[in-house]
Amino acid sequence: MGEPAVSVDHVSKHFRVYSDRNQSLKATVLSGRRAKYQSFQALKDVDFEVPQGTTFGLLGRNGSGKSTLLKCMARILNPNSGSITTRGRVAAMLEVGSGFHPELSGRENVYLNGSILGMSRQEIDRKFDQIVDFSGVEQFIDQPVKNYSSGMYVRLGFAVSIHVEPDVLLVDEVLAVGDMEFQDKCLDKFAQFRDEGRTVVVVSHGVEQMRSFCDQAAWLDHGTLQAIGEASDIVDRYSDVGHGAEEAAGGGKRYGTGEIRIDDIHLLDADGQPIESAPTGSAVALRLRYTANQRVERPVFGVSLATAGGKHLWSYDGLAAGAVPDSVDVGSGSLDIRIDRLALMPDLFDVNADVKDHHKTRTFDALERSLRFQVTSGSPRAAGGSMVLDASMTMPRAER
Amino acid sequence: MTTTQPSPRAAERDITFNLLKNLTLREIRAEYKRTALGRVWSLINPLAQIAVYSLVFGLILRVAVAPGENSGIEFFPAWIGVGVIVWGFISGSISAGMGSLMSNAGLLTKVYFPRWVLVVSTVLAKASTFATELLVLLVIMLVIGGPAVLLYAALLIPLLVLTCVFALGIALLLSVASVYFRDLQHLWTILAQVWMYASGVMFSVDIVRGAQEAIEAENGVSLPLVTLFQLNPAERFLSAYRDVLYDFTVPGIDVWLQLIAWSAISLIIGSLVFRKLARNIVEEI
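Protein chains in written order, with numbering that gives the first Met the number 0: chain A, 0 to 399; chain B, 0 to 284.
Derived by calculation from the structure, the hints in this document are not laboratory data.
Ideal Cβ positions, reconstructed from N, Cα and C, are used throughout, including at glycine.
Fair warning: there could be bad hints in the mix.
[As the list claims (entries may be wrong)] If you want a taste of the chain A side facing chain B, the calculated C-beta under 7 Å gives, among others:
(1) Ala73
(2) Ile75
(3) Leu76
(4) Glu94
(5) Glu102
(6) Tyr110
(7) Ser119
(8) Leu347
[As the list claims (entries may be wrong)] Derived DMTMM-like pairs (lysine to aspartate or glutamate); straight-line CA-CA distance at most 25 Å:
(9) Lys43/A - Glu283/B
(10) Lys145/A - Asp178/A
(11) Lys20/B - Asp141/A
(12) Lys188/A - Asp178/A
(13) Lys126/A - Glu11/B
(14) Lys32/B - Asp141/A
[To be verified] To spell it out: a stretch of chain B is covered by chain A in this simulated footprint if at least three of its residues, at any positions, have a beta carbon under 8 Å from a beta carbon of chain A; those stretches are:
(15) 17-24
(16) 28-42
(17) 108-121
(18) 269-282
Could you put together the complete structure from these sequences and hints?
Set out below in structure tokens:
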């Protein structure tokens, strides 16, 4: 640990927002000065430190100043007051493939991009094979990058960036590149970074990603620092405020636009009696009761299961079940989600429920951790983990 | 005021040099990619220009130039060729350098690196083309003027360096200035026209002297046209190159001093302004 990797010392930054962006000499001469502008304060006296070796998240809404702060750390922007001190080599991944020239070959672009990101020639020579290997575009490395698919382009760019191996890596919303396999590779690489004691600063909207990915986080709103601390705490506080959440009865949290409200969820046994625990392998149902405050077309009800530790295990909804009603009318109602075999290991589990429009873009209501139940031991059995699959094992046989 | 600590200066210089090299190579490689003739275009362009100017000014307007002092060359296209190529580099590298920040806006807003690298690499890329053109000129002069030109050929190297420094200073100044005032791009094309005529690309100082004497004889007023003409740094550069390539002589010490002075002034002012204005260009770009 020791000294911080990045210290942000009372940093303020404002931009000029031109009312008529008239960048001409004529306008200047006529008005005797630069075009009129309004000052927009993007960062107000932000002051914190990023400890060395942590993966640090910057959270905030659009326009909260998090990307501006990242660009100040990357030296792309200069703060108007205050200063930012970084220890060691800093590389920013604000865009992948910066400076790629479409007419040049992949190979030439690796050297070009690498040198833009601050690698020396020997360093690129040394890492060239790794970079190409990581990107998976070996066959096309001597072709102009304009012939690449967008996926290949991004993968090659990302591969170069990630091989800069800086002491401090600044990342802006670029984790969502490539296919699943490539994303896994990237996460592995970030994990390796952390193991090597490098510092990663990430800006992201992906709240859940932040929770699992970052150790610490800072939350910015309208250019001011709201909170800093353990990532999961900050993410919780941020998503509460971000969603306008309120405490729901039973200790869970609720947010949404409110056309339909989910009143409660219960766990029922095979006879329809409410229970608080159920053995592994038993038949259960989740009963979800709702109240519609207005008629809603094609609402999609859904539930999800998570371990008490917060790991998401399963989601199920009206679309997956083929149970989307044409509409629900004003009034109350309920629905059951039947689970024939509760394939969970004995543990505590949380249930979230929500109801969305049929595009799943608008959340009418979401009730988080509104039901916690216990799974007790039953059959089948498993040796560990969260799930119980229908499995069997043969006796060992000697091979001849 | 962000600082990167204790990165050794040598390593940093290494990295910047590598970047400079790669950006220069990018400019050079990308310019003629996918054209059938490739780099030959960089020679065809000035040759076509020389042909047109020779026709108009040599054949039709009958601009007279003295034969080469030591070379004895009496070939107008050779004389105007030096001017066209040298002027082409000065104006071309300044205008490319001035646009280099704006054409790399995407890069500037996403990555930090010393910003001057973009301007320098653009000027260097143009200089590499210019160097090939000079070599071709040298060969032509060798053929029509004899091998004596080889005695002076080495002088082209310091001349080339000084020309680059001079053009770079102006390009640095204009590159940041044009981020703040986009009009400069257009203004520059007009200025470059005026400057080209003022630099005597198509006529020699003898013609200016003739005009000055004629005005004095007719009106009795003495206009210092020659002095004004020679205050133009581009004219000084052209005349130095003509000394070497056309006259096969060493440019006078006064010419060298003037070139050094102009280059130094240009680079000092250019880099001072650049350093002051480049800090916040990302917000303006």
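So, going through the hints one by one against the coordinates:
Checking Ala73/A against chain B: minimum C-beta separation of about 5 Å stays under 7 Å; hint holds. Interface hint at Ile75/A: satisfied, since its Cβ lies 5 Å from the closest Cβ of chain B, which is below the 7 Å cut-off. With a least beta-carbon distance of about 6 Å to chain B, the hint placing Leu76/A at the interface is held under the 7 Å criterion. Interface hint at Glu94/A: satisfied, since its Cβ lies 4 Å from the closest Cβ of chain B, which is below the 7 Å cut-off.
Interface restraint check: Glu102/A against chain B, minimum CB-CB distance 4 Å, threshold 7 Å, status holds. Checking Tyr110/A against chain B: minimum C-beta separation of about 6 Å stays under 7 Å; hint holds. About 5 Å separates the beta-carbon of Ser119/A from the nearest beta-carbon of chain B, less than 7 Å, and the hint is met. With its C-beta approaching chain B no nearer than about 46 Å, Leu347/A sits outside the 7 Å limit, and its interface hint is violated.
Restraint check for Lys43/A and Glu283/B: the C-alpha separation of about 21 Å stays at or below 25 Å, so the hint holds. Taking the CA atoms of Lys145/A and Asp178/A, the gap is near 20 Å; set against the 25 Å cutoff, the hint holds. Restraint check: the Cα-Cα separation between Lys20/B and Asp141/A comes to about 20 Å, which is no more than 25 Å; the hinted pair holds. Of the pairs offered as hints, the one joining Lys188/A and Asp178/A holds, with about 15 Å between alpha carbons and a cut-off of 25 Å not exceeded.
Restraint check for Lys126/A and Glu11/B: the C-alpha separation of about 19 Å stays at or below 25 Å, so the hint holds. Restraint check for Lys32/B and Asp141/A: the C-alpha separation of about 14 Å stays at or below 25 Å, so the hint holds. With 6 residues having a beta carbon nearer than 8 Å to a beta carbon of chain A, the region 17-24 of chain B meets the requirement of three or more and the stated coverage holds. For a cut-off of 8 Å, the count of residues in the region 28-42 of chain B with a CB near a CB of chain A stands at 4, and the three-residue condition holds.
For the region 108-121 of chain B, the stated coverage by chain A holds: 5 residues have a C-beta nearer than 8 Å to a C-beta of that chain, and at least 3 were required. Three residues within the 8 Å Cβ limit are the bar, and the region 269-282 of chain B against chain A gives 4, so the coverage statement holds.
Of the hints listed earlier, the one the structure fails to meet is number 8.
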